[in-house]
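Undergrad: Chain by chain, the residues:
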Amino acid sequence: MGSTLTGLLHAPVVEPFVGPAILSGPAAGVFFHEIFGHRVEGHRQKDETEGQTFAKAVGTPVLPDFLSVVFDPTRKRIGSTDLNGYYSYDDEGVKARPITVVDNGILKAFLMSRSPIQGFEHSNGHGRRQPGLEVVSRQSNLIVESKKQVSEKVLRDMLIAEIKRQNKPYGLYFEQVTGGYTLTQRRGLQAFTVIPLVVYRVYPDGRPDELVRGVDIVGTPLASFAKILATSDQQAVFNGYCGAESGQVPVSAVSPALLVSEIEIQKKEQAVDRPPLLERPTGQ
Amino acid sequence: MTRIRTARLAAAAFWIAAAGFLLPGAGAQNPDPMLRAMQDELERSRKLHIESLDPLYFIEYRVEDSKVFSATANLGALVSTDESETRTPLVRVRVGNYDFDNSDHIYSDVSGGTRYDPNQLSIDNNYLAFRHVLWLATDRTFKSAEDAIARKRSALKNMNVPDRLPDFSKAAPVEAVLPVRTSAVDQKSWKDRVVKLSAIFSGYPQVLQSGAEIRISQSTNYLVNSEGTVERNSEDLAYLRVEARGLAPDGTSVRDAAMIQAFDAGGLPGEAELRRQVTELAEHVAALAQAPAGEAYDGPMLFEATAAAQLFGQVLGDNLKVTRKPITEPGRTAPYVPSELESRIESRILPEWMDVTDDPSQTQFRGQTLLGHYVYDIEGVAPQPLTLVEKGLLKSFLLTRTPALKGFESSNGHARMTGGFGARAPGFGNLFIRASQTMPAADMKKTLIDMCQQRKKPYGILVRKLDYPSSASVAEFRRIASGSAQSGGARPVVLPLLVYKVYPDGKEELVRSVRFRDLSTKSFKDIVAASAESSVFNFVDNNAPFALMGAGSYTASSSVIAPAILFDELELAPVEEEVSKPPIVPAPPLSANSGS
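Those protein sequences? They're chains F and V, same order as listed.
24 is the number of the first residue of the first sequence in the working numbering; add one for each residue after it.
8 is the number of the first residue of the second sequence in the working numbering; add one for each residue after it.
Be a bit skeptical, because a hint or two may be false.
Here are the simulated distance ranges between beta carbons [as the list claims (entries may be wrong)]: (1) V:A482 / F:Q271: 54 to 60 Å; (2) F:L206 / V:A482: 32 to 38 Å; (3) F:D256 / V:G557: 54 to 60 Å; (4) F:T27 / V:P342: 27 to 33 Å; (5) F:S26 / V:A191: 44 to 50 Å; (6) F:Q271 / V:Q284: 40 to 46 Å; (7) V:Q284 / F:E302: 54 to 60 Å; (8) F:A249 / V:G557: 53 to 59 Å; (9) F:G142 / V:S489: 34 to 40 Å; (10) F:E115 / V:A482: 49 to 55 Å; (11) F:S26 / V:Y123: 19 to 25 Å; (12) F:V241 / V:S73: 54 to 60 Å; (13) V:S73 / F:E157: 23 to 29 Å; (14) V:L60 / F:S26: 34 to 40 Å.
Covered by chain F, according to a simulated footprint, are these stretches of chain V (three or more residues, beta-carbon under 8 Å) [unchecked claim]: (15) 146-156; (16) 185-191.
In short, the hints are calculated from the structure, not lab data.
Beta carbons: idealized from backbone N, C-alpha and C, even for Gly.
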């Protein structure tokens with residue numbers, strides 16, 4: 024961690040860019056959590072102020088047909104990693120169960136609390152809240168399953184081929200992310216941001232990857248799904264806390280790394296503090 | 008200042024010669040790692056400067072090391088316990104000079120940029136870790152100070168300020184490194200005691216909500232400034248706080264609260280006395296729940312000594328704390344309420360037979376401990392006995408190192424809490440209210456009855472207790488404050504909690520739900536009698552309005568010593584509040600043998 028930080032201190036700041044990229048498993052998990060997960064929370068489908076991206080999409084394709092998404096609060100761990108979104112009963116006392124929300128690209132269900140919506144009249148164990156707040160439907164362990172899996176090595180080769188095909192000077196590899204956020208309401212833009220910590224420029228000419236800083240991933244949900252080309256064969260976990268109407272709840276997002284044909288990055292908000300005037304004290 | 012600095016350098020030079028090698032600053036000798044880190048980092052920070060901006064002229068480091076144990080209980084059951092140990096740094100930097108600096112502007116306390124220094128120092132004694140935090144805090148504070156002085160200068164270009172006061176007064180440096188005291192707290196026995204005391208309320212079905220809390224804090228304060236002050240002292244406080252609320256049949260809420268405090272847990276009253284006081288409080292709430300609502304009243308009013316002390320503490324005490332009006336920017340109002348007494352110096356504010364002094368050097372009054380005793384204030388200034396009112400005439404104010412009024416430009420050692428706009432907030436220590444014309448306390452009630460009969464009033468009013476320090480909720484406080492603003496009163500006054508109608512035959516009848524109307528410092532001229540006996544009222548003052556219990560970010564234990572007083576004329580008005588319906592289902596059984 025210390026050496027990554029030292030690396031970041033000296034890393035160049037990237038300019039806004041559109042091009043191919045690989046999102047590591049955890050980064051892809053956060054990407055799905057923001058652009059997809061929040062949009063299948065049941066109560067959003069009946070609130071007229073919400074964007075209702077998928078309200079009328081049950082039974083239709085919403086993701087590439089090689090992808091399925093399951094929310095499974097009963098999974099305690101994957102490999103040796105504990106999952107943050109594990110629970111036995113939700114906060115309305117409804118037993119937890121796995122819910123296949125997307126099956127081979129087709130939307131099948133929403134995440135439900137006991138507040139019914141048209142066509143989904145019962146809870147499926149996703150009524151959650153932070154103590155002291157009112158329950159709404161929330162995510163648990165989001166698990167992305169893929170039928171178009173290649174090894175990490177092949178995925179990287181595919182990225183380089185894509186960089187060349189698009190005639191771009193470089194592509195990006197998002198290794199670590201800290202989180203993200205999305206707006207689901209109509210009054211806002213239907214957009215999302217994923218906040219990366221460790222990002223590399225990947226060059227097609229064999230130069231080593233270069234650590235860069237100062238970027239956020241930005242995009243709109245529907246446009247982003249179509250650009251997923253393939254996934255790796257290694258699932259990875261992002262454990263975090265998700266904040267929404269009913270407060271902070273522990274969640275996980277599990278996904279293989281994703282190759283996307285196009286991702287947009289924007290400059291990060293940054294402070295312009297002057298470094299300390301005196302040297303750090305060393306004592307005697 | 009020049010002279011002092013020369014003396015420091017001489018001392019350092021001597022030490023360097025003796026040791027044969029160079030260490031930074033005179034503080035290197037200090038065996039206390041905290042003081043040593045503070046002194047060393049302060050010495051190094053003298054070098055801070057930014058080309059062409061105002062020079063740094065004053066640095067102050069204050070560290071408050073606090074160990075707190077607390078336990079709360081409700082109806083005979085422990086609700087929570089907490090034990091914490093923290094060290095909080097408070098860093099002040101002034102740029103410019105004593106006459107004009109970065110303080111006294113609405114942005115004086117605002118820190119721009121990212122904050123990298125944590126607001127806690129390690130509780131392990133780690134000299135380098137201390138310095139690292141102080142280094143970053145000083146850097147941030149210095150940059151913010153340069154920002155504030157520039158904003159202030161620019162704001163002043165657009166306004167006319169005749170007779171501008173200097174921004175900071177000089178004070179003699181103090182060197183007082185006192186031993187650190189700590190004593191073990193018997194947590195188990197205090198938990199048991201607070202549980203037992205909270206159980207007293209089980210016997211009072213009229214009490215809907217109640218609680219008891221014990222809080223024992225042991226603090227060590229460190230202070231180092233660039234004028235040469237080096238101070239370390241211990242400051243302990245233990246208190247038991249008890250609150251109870253109920254509802255009158257019409258749904259009006261009634262409440263009473265008490266804080267019983269001492270410098271250390273050993274100084275708190277014994278269990279029998281605590282039980283007596285908690286029982287009394289429960290009786291008050293039960294009686295208030297059944298008492299009739301009070302009516303509007305205009306006539307003589309008697310305050311027993313405790314209520315009188317509370318009244319002087321809140322109304323007179325608060326107005327003796329003068330603070331400086333901050334410079335603001337065009338179109339922005341500053342959050343500032345002036346003292347009612349600001350322009351009343353040498354005017355009569357009390358009867359000519361009354362005097363008010365503040366004397367923090369006193370430790371006892373007729374055998375009772377005075378909690379307002381302190382040796383140095385938080386700016387390191389030693390308070391002297393201070394005459395505030397002499398023969399009824401206002402003579403002085405409670406002052407800090409920030410000049411607040413023309414003619415009162417240096418500190419008299421009353422900086423007791425953190426304040427706003429780069430200043431410390433004033434507070435009193437032991438506020439003595441003395442009367443030279445008195446009558447025995449026993450005759451006061453008779454005088455009240457006589458006055459009422461002369462004026463053909465069916466009854467007079469006796470006040471036994473005020474809500475000070477206040478147990479009001481924030482919503483209640485807002486209602487009181489806005490009510491007082493609407494009725495034209497200058498500053499809000501706390502509610503009376505125990506108010507009695509006194510009939511000509513001497514019979515007393517408790518009433519509830521009344522407030523004072525138009526009570527301000529101007530009312531004190533109408534005091535017509537005082538008792539020969541005085542009471543000590545010890546309490547924990549803080550920088551929240553009404554010294555709201557548990558609110559405020561800083562506390563100062565204080566005392567008011569006052570006789571009972573009789574006013575010729577004061578007004579009461581009914582409190583109007585939105586009432587809620589009492590609980591629909593009666594309370595579950597509360598005695599131990601009826602549960603399962």
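Undergrad: For every hint, state whether the structure bears it out.
TA: Outcome of the hint check:
no.	hint	verdict
1	V:A482 / F:Q271: 54 to 60 Å	27 Å, violated
2	F:L206 / V:A482: 32 to 38 Å	34 Å, holds
3	F:D256 / V:G557: 54 to 60 Å	58 Å, holds
4	F:T27 / V:P342: 27 to 33 Å	44 Å, violated
5	F:S26 / V:A191: 44 to 50 Å	46 Å, holds
6	F:Q271 / V:Q284: 40 to 46 Å	42 Å, holds
7	V:Q284 / F:E302: 54 to 60 Å	58 Å, holds
8	F:A249 / V:G557: 53 to 59 Å	57 Å, holds
9	F:G142 / V:S489: 34 to 40 Å	51 Å, violated
10	F:E115 / V:A482: 49 to 55 Å	31 Å, violated
11	F:S26 / V:Y123: 19 to 25 Å	20 Å, holds
12	F:V241 / V:S73: 54 to 60 Å	46 Å, violated
13	V:S73 / F:E157: 23 to 29 Å	37 Å, violated
14	V:L60 / F:S26: 34 to 40 Å	37 Å, holds
15	146-156	holds (count 3)
16	185-191	violated (count 0)
Hints 1, 4, 9, 10, 12, 13 and 16 from the earlier list are contradicted by this structure; the remaining hints agree with it.
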